[in-house]
Each structure stands twice: as C-alpha cells, then as structure tokens.
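**Q** Chains as they are written, first to last, in this note's numbering: chain A, 1 to 296; chain B, 1 to 455; chain C, 1 to 311.
Possibly wrong hints are sitting among the right ones.
To be verified - Taking CB as the label site, the calculated pair distances span:
#	chain 1	residue 1	chain 2	residue 2	range
1	A	Asn121	C	Ala66	33 to 43 angstroms
2	A	Ile99	C	Ile33	16 to 26 angstroms
3	A	Asn121	C	Ile292	14 to 24 angstroms
4	C	Gly48	B	Ala325	27 to 37 angstroms
5	C	Glu69	A	Ile276	50 to 60 angstroms
6	C	Ile292	A	Gln148	45 to 55 angstroms
Hints listed in this document are in silico derivations from the structure and should not be mistaken for laboratory results. C-beta atoms are modelled at their ideal positions from N, C-alpha and C, and glycine is treated no differently.
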Amino acid sequence: MTAVNEAGQLALQEKQMRRDLAKTVERFAFYSLLIFCTILFFAPFLWLLTASLKIRSEVFNSDLLPNPVAWENYIRVWQATPMLIWLKNSLLVGFLAAITVTISCGLIAFGFSYFRFKWRNTLFGLVLATMMLPGVVTMIPTFLIWNQLGLVNTHVPLWGSNIFGSAVYIFMIRQFYLSLPRELFEAARVDGASYFQIWRLIALPLTRTALIVVFIFEFKASWVDLVKPLIYLQRTDLYTLPLGLKSILDQFGQGGEMQWEIVLAASVIVTIPVIIIFFLGQRYFMDGIATTGLKG
Amino acid sequence: MWSFRSKQASHRFWTIITLLALMLGVFATVISAQDDVSGSLSVLGFNGETGDEIATVRVAQVRAAYPDLEISFTEGGLDEQQFLTSVASGTPPDVVYIDRAILSTYAIRGALIPLTDCIANQDIDMSQYRETAVNQVTVDGEVYGIPEFYNNIMLIINTKALDDAGLSVDDIDTSDWDSLVELNDALTRVEDGTLTRIGFDPKLPEFLPLWAMANGTALLSEDGRTAQLNDPRVVEALEFAHSLHETAGGRQPFIAFRDVWDFFGSQNQMVADQLGVFPMEQWYMNVLADVAPDAPLSFKPFTDRNGETISYATGSAWAMPRGSANQDAACAFMKTMTAPETWVAAAQARAEKRAEAGTINTGVYTANQVADEMIFGEIVQPSGNETFDNGVQTILAVQENAFAIPANPAGSEFRQAWMDAANRVLNGEQTAQEALDQAQQEAQAALDEAWSRSE
Amino acid sequence: MATSKSVIRPQGRITLQQRETLAGLAFISPWFIGFFIFTAGPMLLSLGLSFTNYDVLSPPDFIGIANYERLLQDPRLGMSLGNSIFYALLHVPLVMTVALGLALILNRVGKAAGFFRTAFYLPSVTPAVAIGTLWLWLLNPRVGLVNRGLELIGIAGPGWTTDPNWIKPGIVLMSLWSVGSTVILYLAALRNVPNELYEAARIDGANAWQQLLRVTIPMISGTLFFTMIINTIGSLQIFAEVYTMFFGNMNSGPASSAGLFYNIYLFRQAFEFLRMGYASAMAWLLFAIILILTIIQLRFSKRWVYYEGEG
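Next up, chain A with everything else stripped away, as it sits in the complex (with noise of 0.2 angstroms):
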C-alpha cells in the first residue's frame, strides 16, 4: 500500500516539477521576447539620445556612448530658438484642441445615441463619412475662412473647428453611451430632469473614461500635427513645437549647415514632454480606452 502511495505521490512530484518546469521555462521564453520586443522599440529613441549628445563628426560613428558628451548641443537649441515658448504654444494648443473636443463630442455622440428621431441614422452615416475625408480637400478653403474672420496668424483656426466635434471621437464615445442602460436616463426623466441635466449629470459623468481617452488621442494628435500650423503661423513666437522643429530642420540640418546634432537634439527636447504627460496619464488610459469597447 505504501509502496504504491508512495510511487503515486513520487509521480505526481514529478508531475508537477514538470510542469514548474514547464513553467519557467515558458516564463522565461515570454520575457525574452518581451524585452526583445521592448529593445526593438527603444533602440531608435537610444539612438537618438546618444546621437544628439555627440559632437559633429561622431553623430554618424558605431559608439553606443558619446564621448566627448555635447551638452552644449542642448545649450545651443536652446539658445538659437524659442524652445520655451513654442512648448508653451504647443501645451496651450493641445489643452484647447483636446477640451473643446471632448466636450463637443460629448454632447454631439449624445444626440446620436439617447436620442430617436427620423434621420439620425443617415446623419450619423454622414459622420462616419466624414471620416473617409483626405484632409487636403477641405484645406485651402478652409484656409480662406479663417482668412475672411482674421484668424489667420492666430492660434485659433489650430482648434477652433474642435468646437463643432471630430468624426472618429463622436464615433467613439457614442459606443460607450450605447452601451449604457437606458433605464437609466429614463428614471431621471420621470423624476422631471431636463435632457441637458440627463447628459450633464448622469451621461457625462459615467463617461469620464472614454471623454480621457478622447482628450488624450487630441492633445497627442494637436501635438504632433505639422501641417495646420504650418499654414496658419507666420511668427515665430506663435509656432508650435512640430513647427519649430521644422525651421530647425532647415536652419540646421538639411537647408542649413548639416549640423544635425542640433535637430536630434531639438528632436530629443519636442519627445519629452508628451513622455511625461503619456506616462503619468496612461493608466487612466488603458481604462478609458478598455471600456469605451470599441467594437467597429
């Protein structure tokens, strides 16, 4: 009896060193390639951060250090261009862009959702329609609007059309109202809520999660956009960090003198402020995002 207790117990020991075995061996397997992966996408921004702290004739060499390190590649950025103030215009643009979308597009993926009447499915196929726009088509005649109400040279043909909703975001956010109970908003009308209190008090909170997701998705697409500002900023004090990063690209690197130690690191200084923002923001993120459950 023991014997065969003890032969069982011996083998589902071995059983289950196997499969601990099995375990780490496969654990191990998954953080390989996750740090594979992860060194695959972090080499560019190494790269990068290396090369810009080179001194000129090395930015191209196989060194994975700098050496001498050239801060004062920084200090020269820093000194020949308005960094700070075109981070400021780029913050200030982005934070307008990213609220008065959100805010539109609340309301807007509101009226798509609780709401029933004749139409609203054809309008809102003319929104996702919208989607499929190059944004070339609109450009110049847009252009000449902002021209006709004097706005050219400001900061607000860079977000002033967020006022009246985005496609894609009015999409968005309306899946999540979808997935709302509707039992919900109806309790509140019975006790005399208007629909403005419906959404402001009961669809608007419940929806912070993807009105973030929303948020952040703008401010990132605000911070990265090259081609409004372009058209729309003649000064130098009013451009934005993609922009500037542009006239630098011509100053010094390919229209210039090549110097491109100096537009890797103005490059270096553009990325990081949007890390910071991403790294602190992310986990209500990745919430925002996992609950809007965009379903196509």
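Using the hints provided, position chains B and C relative to the given structure of chain A.
**A** Chains B and C alone, transformed into the frame defined by chain A:
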C-alpha cells in the same frame, strides 16, 4: 535735445554740434532717400538672427541705419506653402528672400511687386549688380528682385588623392571627357567591396545645367519659353555624367557614402580623403578655408568641351510680395542689405573673425560688382596660403563666364522636370533619352501653360 | 423606450416624439454647424476649384473638366497612386499583425505594465518631422542602426534610402515603429474578452494558437475592423514623415519616383507648381478611392466581424 543743450554751450561747442548734425544728416541722406522708414518689417526665408556673420552684421547695419524700424525674421528657408498662403490671405511678409531661379515664377503670376518705383525712389543703382543675376529677376523689362549672393562653380581638388594616383592638377582636364573617365577610375577607391573614395563626383542631378552647357547647350532658351531638355547634347551630357558613377559601383553606394560625410566639419570628405575631385560652388571653399585651412587642396576652373571656362551661377534675391504692408521700409531694407558699404562691413567682420580663429579668409562673393571690387581690393588680402589665394583668384575669374537659368513662369516645375529626369537615369529607371524626352514634354507643357496664363 | 409616457401628453403641446427629435437635433447642432462651415462648404468650394485653373495667387478661371482629363494623362499621378496603394497593402496587414502581437505580449505583463505601454506608445507621440529625420539615419545603408542590427545576425542589409526598390519597404519599417496607437486599442479590446471563454476553450482542449484563432480574434474583430479602416485611410494619405525624409530641402534622388506618394505629389502640384485647381481634382479622386475602398471593406466585414450585440 541738441538745441536745448546748445543754449548753455559755448560758441565753439555750438559750431561742432552744427557740423556734426549736418554730417549726420548728409550721412543719413546718403544711406537712404530718407522717406519715412519706420514701423515694423517682417522678413521671410532669411536667417537674420541665427545666421553667420555675413547675415547678422548686415542686419545690424540696416538696424543702425534705420533705428525706428523694427525688423523681424521668420527663419529657415522659404517655405512655399507658408509663403503662398500668406500672399493669398493678404497677410504676406514685407520682404521675402527667394531663390532667383523661382523668383520669376512668382513675379509673372503677380505674387511680387515690380521694384520700378522702389528703385527710382531709393535711387538704387542697378548697374552695380551683375547682369546675369539681374536678368534672372527681370520680367518684361521690369526688375522684381535685388540680387544677393553670386554663387559660381569651380573644381575642388583633393591633391592627396592625385598624389596617390601619381597624377597632378594639370592632369585634370574637364574639356576632355575621355580623360575625365580615366581620372575618375584612377581616383576612385574601393576597399574590400566598400567604397572609400569617390574619384570624380559629377554632382548630379543638381549640376545637370553645367554639364549640358559644357556640351554646348542650355536647358532653356534665352526667352524662357522653349525647353531644350531632350536636345541630343543634353542627353549625351547626362549619359556621360551618369557614367562617372560606374566605377564606384553605381549610384547607390555613392549616396550611402556621401550622406554620412562631415560636409561642414573639420573631418569633411576632402580632409578624410573620401572624395577626389568635384565641381562645387565657391561658398564651399569658404567653408574649407575655415574648417580645414591645411587640407591638401587645389582649385581649378570647370571648362566646357572646347576648353572655355564656364560656370553655372545661382543665388537668391530680395523681393517684395504683393500686399507688402511697409513697402518703403522693405525697399530701404533691400537696398541697404545689398549696398557695397554693407557688404564691406560684413566682409570686414568675417576677416576679423577668421584672423582671430587663425583660419583663412576667402571673402564673400556677392552679386554686387562694386561691393566685390571693394572686398577683393581692400579686405581680402593674399593670406600667404597659396592654395586658397589661388582659389580666390580662380573663382573671381570664373564669374565672368557664368550663365544662369533664364527667367520663366514655371521655375519650380521646370527644375523638377529636369531634376527628376536626371534622378530616373541615376536610379536606373530610364535611359537618358527616355527620361529627358519625358522631362521635355512635362517642362514644355508647364511653360506653355504658365506663359499663356500670364498673357 | 419612452412609449409609456407618450400616452399622457396634454392637448395642444408637441408630442414627446417631436420633443425628442428637437432635443436630439439640438444636441447634434454643433456638429451640424461645423459640418456646413468646415466640411460641406469647403468640399463644395474645392469641388468648384477643381474645375478651374486656380493658382492661389490670381483669381480662378473656369476650365471645365480639363483638370480631370489631365488626371488621366499624368504619368506621375498613376505612379504616385500606385506607390500609396503599394504602401497601404504592406502597411495595413503588417501594422495589424505586429500590433496584435505586441498587445498579446503586453496583455500578459503584470508588473511595470505602465512602463512597457509607454515604451511602445512613445513613437506615436513623436512629431513626424522628428520621426522622418531620425529614420533617415537609422535606415542609412552604411551607418544606420537597422543595417548594423542586421549585420549582427549575418544579413547584409539593403539600401533602404538609396535603392529605389527598397525605399517603400524602408518607409513601411519606419511606419511599424509608430504602431503604438493600434497596440493600445487592441490591448483595451483584449481586456474586454471574458475569461470564461478561454476557460471553456481550454476545457475543449484548445491550445494557445487555437484559442487565439477561435476566441481572441473573433472577440476583438470589431476593433480589428475599426483599425483596418482607420489605418487604410491613414496610410493612403501618408505625407509628413516621407516629405521630411526625402522631399524637404534635400532633393533625394532615389526616392524621387519610388517615394513619391499621392499626397506628396498633390502637395507639390498645389504649392510648388501652383496648380491648386489640379490639386483639388487630385484630392477628389483620392476621396472617391477611399470611399470605394471603405465601402468594400464594410461589405466584406459582415463575413468576419463579430458583434456581441447581434449574438
């Protein structure tokens, strides 16, 4: 202020003040016709604040001459999109700094204001500017731009490479294309399958006009109406220049290699022995004189197949966009920036800077002949470095034989047509004949369309 | 449904249905206004311009369908459209595959998930100008990081920036770096897949691969479809990175044909060759193409996209 002080002053003091005031007045009148030059002036496409001393010193001169004028620069190169939208919206810059090869396009389409009034009011002496440059910015007899630099081409030679091959500068003869092939073969170096020295860089696609001219033809007729891109001489020139890449293993290793040169640095391709000979604009001699004064170099004119010296002149000009809000100031700015005294001051600053750094001063090459005479008569003295002194003399001689692309209303598209054609040949996508036939068609259609529009 | 209340509507007042319609319209009114001012208006204007010879600098003249005829004869138009479609065909499936792979990996990371998410998302928040500049050097055949990496595993890397045949693959490689946004969307979708489904599959004896095919992909097919459409639209309009790399001040030879994407050519026509009228016609052609492609994708989606709601 002055009159208030003079009341308490002695008679002698009063006289001095009067004299000084008088001189100041005269001085001011000389510098400008002194209409009301004040307010703000926006300049697009010029690095007036962060540029080199030639730029900043001249801007300082303008500011000193017009203390009431507030000048602001949109730095970096001219961005067409930005420029066009600003003109279209009626909020253009007051002055723009623009490549002479495309200036006429904007002029013919009405985006620029003719400078006839400006030249008359400010009494600008157009004869001081080089004819080749002025012709480029003249449309229907009206001048639309004040020329700035005058870039010309000569051969820049790495004598170490020549020594290695047992050759001398006299062996370089651009009039004899067969010998050029031999020279290229002798100077090209490939080690372990890796290209480590380019023998002769034909500088394609950008110098196609030079090669065509060397073979006896221009890319565009004098009147700017007829493209001559598929002229057999252009085809032959492109085929030949392209063939110079063969020794290096084709165009691809060439570009990969060229892209990583420390072109503006002390370890540039001449110092690092990565290039044998190439035709290049004189501003690069200035760079070399500064960063590599001891490099083993030599300079020589580029010649056509008859042995005549030729050069392809390029450069920018100042122009006034339609809707420029401060035209008086814009005009005064253009005049002062390109005036002989201003150029001399800039050249002087460069001379001092180079002397301080212990490098060689090879001057500034402007489109203002009077300025150049002063610069090379008074400021740029023989440095004792035979190589660069010879380079200065070479380029000054070359300037007399320069040609430029004539004014036309399709500047950008015309340039794109021949550049793309050259690129297609370099990439092996088409033969020279096919590529230039296509380019001819594109360019002529663009010219016809643009001319018919402007008439 | 609000039917129960509509029964007790007082006489002489608007019905609940009407009220709801009015309120709904009020809520979407901002979009309506914006649609007319910033979408429909400009669209019509640009449609109008496509029948003129507008050059931005002088008033346009009506030239009939000349611009559209030109579209048919322009050899560069076909070439640039071909380039963009070629790019989209490579880019979209690759981005989706890579993003899904990364999302599956990230989904398993417990500790320091924030760090890894940030690492993969970073390229997406890097301005295109910076990406273009950076990759011009990463892809340099001689000194670039990419070919140095390939050398480590014994592969002689191609001329990413010098060989016309490798220009587009190089650009696709660059675009894969910015896969972060798609990864984040997939990651979110993965979180919403109920665990019970995997457990059920395991009990049925499904291995990891089968679980992926039978549970994961169907369950996130909505998101896959969404990203497919968005990426297709986006990739056909690729512009800023490539423009910075090859078409800025440096007129790069190897990319002059191979890297001439549709929007780059359009930009040139509009702002360098001063043919705004023709550029408008080009823009409308692109719009039509995107519209058709999207409709095709929508049609096919019914075969493979699974919607929870439809059960």
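**Q** So, for every hint listed, does it hold in this structure?
**A** Now the hints, each set against the structure:
no. : hint                                      : verdict
1   : Asn121(A) - Ala66(C): 33 to 43 angstroms  : holds (39 angstroms)
2   : Ile99(A) - Ile33(C): 16 to 26 angstroms   : holds (19 angstroms)
3   : Asn121(A) - Ile292(C): 14 to 24 angstroms : holds (21 angstroms)
4   : Gly48(C) - Ala325(B): 27 to 37 angstroms  : holds (30 angstroms)
5   : Glu69(C) - Ile276(A): 50 to 60 angstroms  : holds (53 angstroms)
6   : Ile292(C) - Gln148(A): 45 to 55 angstroms : violated (34 angstroms)
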